[in-house]
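Residue numbers (numbering that gives the first Met the number 0), protein chains in the order written: chain L, 0 to 321; chain P, 0 to 321.
It is worth saying that the hints were derived from the structure and are not from the lab. Some hints here could point you the wrong way.
Said to hold, decoys possible - Footprint (simulated), chain L over chain P, 3 or more residues, beta carbon under 8 Å: (1) 22 to 36; (2) 114 to 128.
As the list claims (entries may be wrong) - Subject to a maximum C-alpha distance of 20 Å in a straight line, what follows is the list of computed PhoX-like cross-link-like pairs (lysine-lysine): (3) K299(L) with K259(L); (4) K232(L) with K251(L); (5) K232(P) with K105(L); (6) K16(P) with K45(P); (7) K251(P) with K232(P); (8) K105(L) with K105(P); (9) K232(L) with K105(P); (10) K251(P) with K274(P); (11) K16(L) with K65(L).
Treat the numbers as computed from the prediction; the structure is a model and nothing was measured. Even glycine gets a Cβ: it sits at the ideal position worked out from N, Cα and C.
Protein chains: 2
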Amino acid sequence: MTDFLADFTGMSESLAKVSDVIHSSIVSQNPIINDALSLLFASNGKMLRPGLLLIASQFGSAEEDKTIHLAAALEMLHAATLIHDDIIDDSPLRRGLPTVQSRYGKKDAVLIGDFLLSRSFLITAEYASPEQALQLAKIVSIICTMEIEQNTNRFCFDRSIRQYFRKIMGKTALLFSLACHVGAHEANVSRSVAETLRRAGYNIGMAFQIIDDILDYSGDETLVRKPLGIDLKSGIITLPLISALRKDTSGKLSELCNIKNIHHADFDGIINMVKNLGGIESAGNHARKFTNRALQEIMKLPSSNSRDLLEQLTNRLLVRSY
Amino acid sequence: MTDFLADFTGMSESLAKVSDVIHSSIVSQNPIINDALSLLFASNGKMLRPGLLLIASQFGSAEEDKTIHLAAALEMLHAATLIHDDIIDDSPLRRGLPTVQSRYGKKDAVLIGDFLLSRSFLITAEYASPEQALQLAKIVSIICTMEIEQNTNRFCFDRSIRQYFRKIMGKTALLFSLACHVGAHEANVSRSVAETLRRAGYNIGMAFQIIDDILDYSGDETLVRKPLGIDLKSGIITLPLISALRKDTSGKLSELCNIKNIHHADFDGIINMVKNLGGIESAGNHARKFTNRALQEIMKLPSSNSRDLLEQLTNRLLVRSY
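The shape of chain L in the complex, shown without the other chains:
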């Protein structure tokens, strides 16, 4: 069970039910799949997407069994994309544990990701409306498109802030926004409340990804539970660097980024200059801007415990250290 949302009133119990559904949905007759996935889901993910779905569903009246299953499907879909991401990035660690690919090899990792994705779609087929299932499939295809684009643009240091925002929207924010919308839809809330929740989810997702990208530069490795600088070293250009490059009047950062041989690149030098040029601070301001937009949307929601919960969560996500 996650520890991130655990101390939010009432969330702990529901998320435990989501975890139960996940654990029973990933059972397979194959021991490798069982080992890989029980380990993955034992390792305390933040469970934000299911959390948002459940909070959104509290704005109306939802059938618990359905929301719990759909929340599980979202987390499984997210985890499937992580397994495949880790293949692409050659990541050794995720949530403080060896990644599926480093433990079972790339070949099995491809298939275990596919298995998990198909089990997620299986739940969706059983519990979601066709419209929601369609939205979910659409978002998976957008996530893939953005990841391919990111892969193509490795070590392209001239990315604009706008290109970055477009990427993180596809990679992260759309799924956050869908989580809120599915929860709202299941609870039969009014169209305007559902749209407000969707926009809140979108802005929370944008802020979340920016903070994630900041943590890759300035996080505490023991809290983040993966090596720092991994994005940069695999050529993924994120907001702290993009912001720092805009302030690099001396051209020194640009020079460091003119990488001819990845094995001789001065990544530590780049990270230090990003910090010195205020790239972290500037990215933080953007995260704050999206958080504020999310809070503005949240304030439009009917006053309730759930609204307070969503507000607390949104604020907490901004100042998180992992």
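Add chain P to chain L, keeping to what the hints say.
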């Protein structure tokens, strides 16, 4: 468009429509996805799964737009599994052209497969009943499980015929049987006709996979359009070898299969002994047995042009050379 089913009366036009749906469903804003997938689908797959769905739908009255879309979704799902298979097998060629992974690299190939799978689920969400969507997702998870099992058992030469049948059922036959069942379901045929079609599809799929595995030993490379012996060289043990090992009273084949170093293994020697021991013939007998079972089921169907078509197709698949 496929040339395999093209000369079956009436199939050509419908399959062209399926191809159109596929081509419009794979369009993405990303040039790599577009290039990779248009190339893949330009390369004349056999279109058997869509073909079976369409033939099955002719046993009742089906809405054309729906069956065409579901047929497209099946072919896309199948192609997605091929892209990921080729990553796992390090295959250089598929349908006579470089595989997605050899052209775009393993990383993009993972994502392009995911993209295609999600687009397939997108069509399913829009056009299939929840029950069918669920079945499809279930089959994807079974295909993955079987592929992982196959991966685990590379170079395990003591596979039994029963284990082999179980594997090809999961890898291939279930999707063939679902293709028939979805077509039947869409056409509102009686439960008994639908079940007969499902069983026919299952047996056609079993025979199909056995023939595929035989062609890896004894096919004509220019017709099969991929290098021969690729299964064996990547350690996948199929029926011709399993059958030959059962006839290997001298123990010479077993000895050749005692591979200590894959780079010094005598694969050509194994292939020749499989042929000399009658492994191909014996596997062929199994294929004929499944074909006969399929034909028995087909004979139970109401007499019609569609039944004749299915019979012809089943016979043709047994004697195919590619």
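Hints versus structure:
Here the stretch 22 to 36 of chain P counts 5 residues with a CB under 8 Å from a CB of chain L, which clears the bar of 3, and the coverage holds. Only residues whose C-beta sits within less than 8 Å of a C-beta in chain L count toward coverage, and the stretch 114 to 128 of chain P has 9 of them, enough to reach three; the restraint holds. The hinted pair formed by K299(L) and K259(L) fails the criterion: a straight-line CA distance of about 51 Å is larger than 20 Å. Restraint check for K232(L) and K251(L): the C-alpha separation of about 18 Å stays at or below 20 Å, so the hint holds.
Restraint check: the Cα-Cα separation between K232(P) and K105(L) comes to about 19 Å, which is no more than 20 Å; the hinted pair holds. For the proposed pair K16(P) and K45(P), the alpha carbon gap of about 15 Å is at most 20 Å, so the pair holds. Note on K251(P) and K232(P): the hinted pairing holds, with a Cα-Cα distance of about 18 Å set against a maximum of 20 Å. Taking the CA atoms of K105(L) and K105(P), the gap is near 10 Å; set against the 20 Å cutoff, the hint holds.
Restraint check for K232(L) and K105(P): satisfied, since their Cα atoms lie roughly 19 Å apart, inside the 20 Å limit. Taking the CA atoms of K251(P) and K274(P), the gap is near 13 Å; set against the 20 Å cutoff, the hint holds. Using a Cα cut-off of 20 Å, the hinted pair K16(L) and K65(L) holds, with the two alpha carbons roughly 12 Å apart.
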